[in-house]
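Residue numbers (our numbering), protein chains in the order written: chain S, -9 to 362; chain G, 3 to 338.
Hints are supplied without guarantee of correctness; some may be wrong.
[Stated by the list, open to error] Below, in silico cross-link-like pairs of lysine-lysine (DSS-like), each with a Cα-Cα straight-line distance of 25 Å or less:
#, chain 1, residue 1, chain 2, residue 2
1, G, Lys151, S, Lys25
2, G, Lys329, S, Lys29
3, G, Lys263, S, Lys256
4, G, Lys263, G, Lys280
5, S, Lys185, S, Lys139
Hint data in this document are derived by calculation from the structure and do not stem from the laboratory.
Here's the letter readout for the chains.
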Amino acid sequence: MTKQPSIPISAETPSLAKKLGKEKATITTKKPIEKDYRKGKKSLYIEEKKGTSFDTCATIGNEYVCCNVKVLKSVTNCPFDCSYCFLQNYLTNGTMSAVGDTESLIEEVKQRLEEQPWRFFRIGTWELGDSLALEKDINQASELIMAFKNLPNAVLELKTKSDCVDTILDLDHGNKTVVSWSINPAKIINEQEHKTATLQKRLAAMKKVEDAGYPIGLHFDPMIYYPEWEADYHELIDQIFDTISPKSLAWVSVGSLRFNPEMKQKMALNFPKSYIHSQEMILGPDGKIRYVKPLRLNMYKSFMKKLNSYLDPQTVLYFCMERFDVWEKILGYSPRSIGHLDYIFADKMRIKYPEMVETMGSLEMYEAHQDS
Amino acid sequence: MEFKIVKLKIEDLNSDNSLFSCESLRELTTLNSSPLQTGKLESSKIDILWVYKDVNGYQRIVNPFCLNDNIRSNEENFSCIELLGYSFLDCLKFQLQTYDHELTAVEKIYYISWIFENFVNKEKISKEGLFKELYHILNLQAFNHRPEKLKKLTRLSKTILSYCHSKKFSLKQIQLISQLDEDILNYVLSINKLVPVSASIFIQWVQTINDCLVQYSWSMETFVDYMETEGFNTNKLTTISETKKEFTPPIDTSIFKDELKKLRYKTLYDYNKVIEDKVKDFTSSKDISIKWDERCETPGFSLTITAKSKQDFNDCLKTLNDPVSQKKIYSILESI
Ligand code: SF4
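Pulled out of the complex, with its shape left as it was, chain S reads as follows (with noise of 0.2 Å):
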């Protein structure tokens, strides 16, 4: 028997209008195809989980690490319109969609824990949109946040560009759920993140966050190159630990901007104001545009050395789709492999988050399984 949605739908919603700027959105039950993606954010419809949701980053690679962290495809599209998400170039129907039957979710994250009970799984719900943009409507972070309290081995993480953290705030999360912010300068907010939440909103909604318990992740991924860069990140930094306490951080990853070729003149004509696309790249053997590696270099060399002054040692700390020769140059070690790094990360929340991973399995676990 199919499982009805749990999330109630009501025909209008006026805290998804207000963030789409418009008098009035509906939650609707037909999903149409939307072929433009913008469009698509327009509209809000609430999908019975089909098929499987729980998947690995799409982004694993050979030549550059993945952190291997797992997905959960629990919402589509996005009411933000970052100039450099991928989305506009991988969607093939852009209706903005959350899947309904939370229990479905969970009921297939259960499963897979089953299968690899030694391992520590991170499954986040980022994949194909924001964790919590949409959450005052859809309510599923929240549920998402209860059921992993109880899942063994297995930490949830919410990434969002958005402040909606409200709702979430008086749960008994377990520290089983990391909240986590892809943060830029507030210069790169402002003109190539769209409708998301300024650095202040964010700054503050992370400090409500911190004091209602749960572990945070930041994301400086993409890091952006303009000609004022050094300085604006810094004092991002700055701002940051000037809210928050290093020691509420799990894990910090660093990540430049890249992109298909095919995105370069999506990015060109959807956004006609923005530069960021035509920095000086090139394209990388994975098939990716990036910044030349001289210049991710420097940048990530100037930014590291700022922030591993606030860190602290027990952070997971990590590059995101970087090359090995990348992080020795500037980290000064490299893990030997994906699963080495997937290692790491449970060893260290072990260590800072008991509840987190209860079973510790061994490195050469780690390393065969790191394709599964």
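Chain S is already provided as a structure; the job is to place chain G with the ligand on it using the hints.
For chain G with the ligand alone, kept in the frame of chain S given last:
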């Protein structure tokens, strides 16, 4: 389709009352090697002008292309087929179906612009309505949801379209360049006047210039000034090539290519220069060479030894084992 043969004069078609303008069609004859010009289209179907009578009783032309031949043959009277009892759109569709497989991308664009200029609104057909009808016949389904993109193509200048036509640009390529500033296109066209530029180089250059403008927040004027300061001045080169027509030496575009690359990939250029100097410093021997990824993405290098004798080989090994050489090699490795 019912029709009758009628005799018309060019004035009949070119009067103020007529929606057809001979001028716009004459432009079609500027298209080099166009089947429209050379008459390579299936002549049996199109060597005769098709006209129809609009609601006001004016003769209107349906197939403009064959007129070129008629103009060239200086005939006073044209034998025309008058299509009877059909709307303009029907006539158009019928005719396009006849042409379609022969038309290049540029000709399709010309044709659509021509239709827009001469029929839309006056025939009470909206552009959007017309687009819908034409997409399928002209194989332009890609524009189905984005008619504005097609409109953009029709706004490209005739000079640019002529170049695209002569280089057999595909619709996709034309679409690509239609998104760029026309000043950029004209600038590269001015280079093309001096040295013929292939379609792929044309596209590569216009895109790179566009990237440079975005990268440095420059205007086209600043770019041109920059190139002039670096020694590449298209105006000067044009004058040279025009005044010394008979023995103009081939214009060297290497300065332009180098400067463009340097501008676009400044960090890489400087970085490679450093590596190059280090490599030069290390390999004074011609028998040892070093190659690296000039995009500077993949670390490491490949070192090649060329040895024609045992002696050569041993000499190379000796060089490689020498502590000073090794220090230099390590330094190269560290920078890649
Ligand atoms: S927040 Fe993420 S999913 Fe939403 S538009 Fe920005 S990049 Fe895309």
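Consistency of the hints with the structure:
1. G:Lys151 / S:Lys25: holds, 16 Å
2. G:Lys329 / S:Lys29: violated, 60 Å
3. G:Lys263 / S:Lys256: holds, 24 Å
4. G:Lys263 / G:Lys280: holds, 21 Å
5. S:Lys185 / S:Lys139: violated, 31 Å
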